[in-house]
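Residue numbers (our numbering), protein chains in the order written: chain A, 429 to 771; chain B, 429 to 771; chain C, 429 to 771; chain D, 429 to 771.
Among the hints, erroneous ones may be present.
In this list, chains with the same sequence are indistinguishable; a pair is considered to hold if it fits within one copy or across any two.
25 Å max Cα-Cα, derived SDA-like pairs, lysine to any residue [to be verified]:
| id | residue 1 | residue 2 |
| --- | --- | --- |
| 1 | K710 | H547 |
| 2 | K443 | E454 |
| 3 | K593 | P651 |
| 4 | K471 | N766 |
| 5 | K593 | N743 |
| 6 | K443 | A457 |
FYI, nobody ran anything at the bench for these hints, they're computed from the structure. These numbers were taken from a predicted model, which means no experiment stands behind them.
Each chain, written out:
Number of protein chains: 4
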Amino acid sequence: MISFESDYNNGAHPKVLQHLIDTNSEQSASYGYDRWSQQAKEKIRLASQLNSNADIFFLTGGTQANATVIDALLPSYAAAIATTTAHINVHESGAIEATGHKVITLPSHQGRMHADELHAYLNAFFNDPTWEHMAVPGLVYVTFPTEMGTIYTAEELEDIHIVCKHYQLPLFIDGARMGYGLMAEGCDITLPWLAAHCEAFYIGGTKVGALCGEAVVFPKGAPRGFFTMVKRHGALLAKSRIAGVQFDALFTDNLYMDISRHAVNMAMRMRKLFANAGLTIKDSPTNQQFVLLNQQQQQALSKHVLFEPWEPVDNVYTLYRFVTSWATTDDDLQVLANAINTL
Amino acid sequence: MISFESDYNNGAHPKVLQHLIDTNSEQSASYGYDRWSQQAKEKIRLASQLNSNADIFFLTGGTQANATVIDALLPSYAAAIATTTAHINVHESGAIEATGHKVITLPSHQGRMHADELHAYLNAFFNDPTWEHMAVPGLVYVTFPTEMGTIYTAEELEDIHIVCKHYQLPLFIDGARMGYGLMAEGCDITLPWLAAHCEAFYIGGTKVGALCGEAVVFPKGAPRGFFTMVKRHGALLAKSRIAGVQFDALFTDNLYMDISRHAVNMAMRMRKLFANAGLTIKDSPTNQQFVLLNQQQQQALSKHVLFEPWEPVDNVYTLYRFVTSWATTDDDLQVLANAINTL
Amino acid sequence: MISFESDYNNGAHPKVLQHLIDTNSEQSASYGYDRWSQQAKEKIRLASQLNSNADIFFLTGGTQANATVIDALLPSYAAAIATTTAHINVHESGAIEATGHKVITLPSHQGRMHADELHAYLNAFFNDPTWEHMAVPGLVYVTFPTEMGTIYTAEELEDIHIVCKHYQLPLFIDGARMGYGLMAEGCDITLPWLAAHCEAFYIGGTKVGALCGEAVVFPKGAPRGFFTMVKRHGALLAKSRIAGVQFDALFTDNLYMDISRHAVNMAMRMRKLFANAGLTIKDSPTNQQFVLLNQQQQQALSKHVLFEPWEPVDNVYTLYRFVTSWATTDDDLQVLANAINTL
Amino acid sequence: MISFESDYNNGAHPKVLQHLIDTNSEQSASYGYDRWSQQAKEKIRLASQLNSNADIFFLTGGTQANATVIDALLPSYAAAIATTTAHINVHESGAIEATGHKVITLPSHQGRMHADELHAYLNAFFNDPTWEHMAVPGLVYVTFPTEMGTIYTAEELEDIHIVCKHYQLPLFIDGARMGYGLMAEGCDITLPWLAAHCEAFYIGGTKVGALCGEAVVFPKGAPRGFFTMVKRHGALLAKSRIAGVQFDALFTDNLYMDISRHAVNMAMRMRKLFANAGLTIKDSPTNQQFVLLNQQQQQALSKHVLFEPWEPVDNVYTLYRFVTSWATTDDDLQVLANAINTL
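The whole structure should be built from the sequences, with the hints applied where relevant.
Here you go:
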């Protein structure tokens with residue numbers, strides 16, 4: 429059955445796979461020093477208009493990237509600020525706390541943090557005479573796009589960054605699905621812009637056409653000892669080539685953005701199918717779509733396609749998630765359209 | 429100037445101090461094996477009607493006791509559930525997270541957790557198909573009395589314990605100010621009742637007449653390796669006698685309860701002073717009183733007595749805390765009364 | 429230039445790669461529930477003669493597997509016992525300590541732990557009246573084969589396991605290069621034997637023909653919450669299929685053992701080349717060979733092949749490592765032979 | 429029975445106790461801001477000739493001070509270097525590792541680290557091409573006096589400090605028994621000299637006349653966020669006055685040094701008693717004496733005085749520890765002398 433369950437339910441994009449095939453018989457250095465990792469870094473450097481201070485590392489997954497970067501950026505006594513719906517707060521099994529750091533939560537506006545709420549929180553915190561008795565804010569974490577499929581405007585993100593700079597807090601952007609945000613209709617953020625407006629971010633590969641791999645970027649340079657931190661977190665690949673080769677392919681001929689645009693286009697067509705059927709859909713310009721279904725509707729669709737429950741809403745409705753990827757085809761959407769027609 | 433800032437702004441209760449003086453020239457074993465620690469444990473055992481499985485340890489402070497007990501009760505992957513206003517969530521500098529554990533928060537009702545909200549949370553959690561991807565609830569933490577000075581009824585606390593038992597989660601009660609709760613008017617909870625309705629609790633000494641010291645009690649026995657955990661947390665006193673002697677005094681001739689009752693009585697008289705002056709006071713039957721004051725009122729009172737801001741409420745009012753202790757005298761209250769009369 | 433630097437300087441074994449290609453276009457469940465992971469587990473179960481209590485998990489790398497398993501097996505206050513040369517003690521950037529656990533070291537006999545020294549240590553430890561003031565031994569960690577290329581006999585390993593059982597300590601066997609041990613000449617240990625003589629082990633894929641992946645096996649069942657521990661360590665692959673598919677291939681038609689036997693055979697031929705040239709080689713029946721070279725010899729060989737320094741020995745000699753893998757060919761050995769002939 | 433078991437088997441020195449009595453009825457600020465803490469800091473500042481950059485904090489115990497300071501000085505990926513016999517390596521239940529940091533060990537020369545071995549280790553470490561794969565040395569920890577009762581000369585300690593500075597590693601000196609070192613015959617180190625030759629040290633109170641308390645000194649200023657680190661480690665006393673008052677007494681009229689000198693004198697007389705009886709004593713100029721006794725001798729002495737086994741030496745002899753303190757009297761030594769005479 430066709431699955432819209434996630435963007436990690438497929439193999440690699442054919443071009444990524446092909447590059448793995450083409451390079452398989454070559455020998456290489458390891459632990460990040462293979463030639464493809466070097467090439468891929470150069471290509472990411474170019475695509476992000478990074479200067480020579482910038483550092484790039486390849487890790488295997490999102491939770492790992494989040495825990496490693498946050499642990500490296502924070503002194504022991506400090507905490508990460510995130511929204512209540514942030515991946516690090518909800519779906520990482522306490523991986524941040526496992527490194528000794530609290531996650532301080534601010535309200536989530538469909539996944540987004542508001543700069544003014546961040547400012548108000550920090551202002552109140554540092555004016556509290558007992559602030560030294562609390563976990564001290566040490567960085568700000570946002571996701572782009574968010575867990576709810578929404579994106580920030582450049583202005584919104586810049587406002588957050590301005591607050592961060594005012595309080596000398598690094599801004600870290602989790603880009604596990606970054607491409608889908610950059611390619612969303614109405615997005616006024618580019619990779620170079622992003623690199624110029626934060627202290628760390630990563631370009632997700634696992635959910636954007638690779639088998640695994642996230643490219644962690646520090647536009648102004650990595651924190652001291654970061655290589656050792658990666659190793660210490662069990663995040664250093666011996667055969668680092670597997671990340672290098674894949675990102676080399678993803679950043680050749682704009683593949684990363686093409687994959688992302690394709691998935692977003694498919695998601696927008698999916699939205700129309702839901703909307704035309706009179707279903708309630710959450711606002712999302714990216715590859716994750718969230719639809720309210722009652723039990724009967726859910727069961728009817730489940731006969732034809734696979735998808736995941738997101739969260740219960742009330743006694744009647746539950747929110748369900750439908751996700752597109754590089755692999756989503758016209759035929760897949762037709763199957764979904766037919767399924768919707770049975771409602 | 430008279431200080432109502434806290435219940436740790438005085439020395440030891442005279443009887444506690446006297447016992448330290450009387451025993452000072454005797455030699456003793458160390459690390460918990462001194463004779464006064466043994467005696468004090470026996471007295472606490474009796475006062476709490478503990479059976480022979482119970483274990484008691486003396487630590488020096490509240491944050492330390494919380495971190496050590498929670499770290500010992502939780503497997504690595506598990507989290508503590510607490511209210512948003514819980515001391516472990518707000519005022520311990522991330523000490524729980526420093527041991528690798530997330531603090532999951534539920535709403536605070538004037539400091540109290542509601543059993544039905546706990547139940548709803550746990551029910552939803554374990555019905556979420558992705559629960560294994562999240563920090564798994566591993567214990568429930570409540571404070572008695574709460575940070576807001578309120579107390580639980582026996583029924584409310586029993587309801588929480590029933591939910592805990594249903595989900596096989598230990599219930600841990602932070603009793604940094606336990607005496608003030610037990611001696612509060614209307615309190616239907618006793619030390620033996622408490623010991624029978626949780627898996628761990630502590631009897632606070634620092635804030636109830638001692639120089640330092642908290643008696644951690646595990647009514648059904650301590651988790652394996654707890655002694656080593658205490659040492660590992662830097663919480664093992666070489667001269668353990670200082671805690672032993674003090675608790676020996678506190679649990680002789682009902683001193684602990686007498687100290688607590690005195691402070692509560694003083695606090696109730698303080699409430700009347702505020703109420704008679706038409707000031708808004710939060711509901712609290714214990715030794716901490718919370719009063720709304722505008723800037724003018726605050727400044728007027730500050731000329732005569734010391735007290736602490738608790739939290740801003742709106743543009744006009746701030747909540748202030750006034751605390752009594754074993755050392756609060758009639759004269760102190762008269763000074764406060766005179767100060768209030770100037771408003 | 430031909431590289432003998434490591435067994436992770438090549439891509440995947442062609443059959444492993446082919447299986448990735450063949451399955452790439454299929455959709456799958458994620459986070460360990462894909463069909464190939466299930467298949468691969470069944471094949472490992474069969475090859476190891478595991479019973480139905482056994483649990484298997486796929487992680488991406490060795491350091492990650494070590495940290496996750498050790499953190500899951502140990503209570504907070506406990507330590508892992510290992511040799512001084514153990515990978516977890518030397519080359520994991522403190523990944524075990526990062527989880528809060530001490531590594532207690534015993535002497536290394538060419539990488540091996542001696543059962544009698546383990547016994548003597550534990551006997552002394554638990555007879556020390558201050559043992560509760562120390563990090564308490566909580567498990568025993570050995571590598572098979574060891575970091576020095578040596579292996580244990582069944583009797584040696586069983587003796588260690590007997591000591592472990594006497595002290596109720598789980599035995600955990602790091603098998604990052606397990607195949608090369610099992611296929612070594614004179615090895616009297618099999619996969620089923622190993623599974624019956626420890627509480628946890630892993631079958632390394634990264635260094636034995638896969639692109640990445642280690643199969644962690646708990647013959648008597650995983651510690652509670654292990655799935656969440658994997659996630660918490662950033663070790664849970666969203667596209668778990670990449671490990672599943674590779675292990676599915678490795679455990680089809682005995683491929684894992686064939687790869688291992690090939691590399692061992694090549695290493696034995698390499699030994700002869702060194703021996704015939706009068707060079708001093710360390711005793712190792714597996715795919716890693718350690719050779720003493722002076723500077724002149726090192727420079728001469730370096731003109732023809734790549735290899736790594738292991739450790740300085742004296743003013744004249746340094747120990748160098750030469751490693752074979754599935755990819756080592758007759759031609760590669762001929763290049764090495766020619767290079768040796770120039771000495 | 430007279431106990432020579434430890435220097436924490438007595439109450440407080442009478443002058444320390446008297447100051448607690450004299451100040452008990454005064455109100456004070458808390459969490460370090462009480463007047464006695466401020467006074468005590470000034471006196472320590474003077475006694476140590478600290479400049480205005482220096483920071484001083486009072487913690488309750490040695491293990492706690494070690495874990496808090498080391499955790500604050502090290503970045504996450506770094507390790508502490510210590511001797512194999514160091515307190516942090518042996519007798520702190522893994523408290524350092526609990527903060528995520530490895531303890532790297534160098535040989536112990538009767539408790540002392542040798543500067544040349546430290547230098548050789550660091551030189552080898554940073555020349556190892558794989559150093560980034562290992563826990564990176566981040567500070568050097570020594571004890572003064574050592575766990576074996578020995579002391580460093582100024583030259584020895586300065587040599588260690590020179591190596592530290594060369595590698596930009598802070599030097600941290602555990603002074604749990606500092607006074608006994610400073611007052612040892614032949615000691616050419618003073619408090620001001622010490623403060624000028626390290627980045628952090630503490631002046632132990634618990635073992636030198638106080639009920640509890642260690643004064644942590646950062647001569648060049650505390651690491652950022654140290655107050656919060658203290659709280660986070662459960663090491664912040666609400667009634668901080670108990671440490672402040674005690675150190676105020678200890679640093680009035682040279683009491684700290686007088687106590688120390690007394691105990692050292694008593695220990696030297698004790699040495700003579702052992703020596704005259706032909707017993708083998710370890711070299712120690714401080715208040716801890718280590719004596720070899722066979723079982724018969726141990727049993728004979730045990731009828732008259734209490735003392736502790738230190739470590740087994742061979743089949744016949746065990747090393748025992750005898751400790752003096754402020755409380756050791758002429759009469760106590762006479763009892764010991766009589767006991768020795770029965771051998």
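ask   = What hints, given by number in increasing order, does this structure fail?
value = 1, 4 and 5
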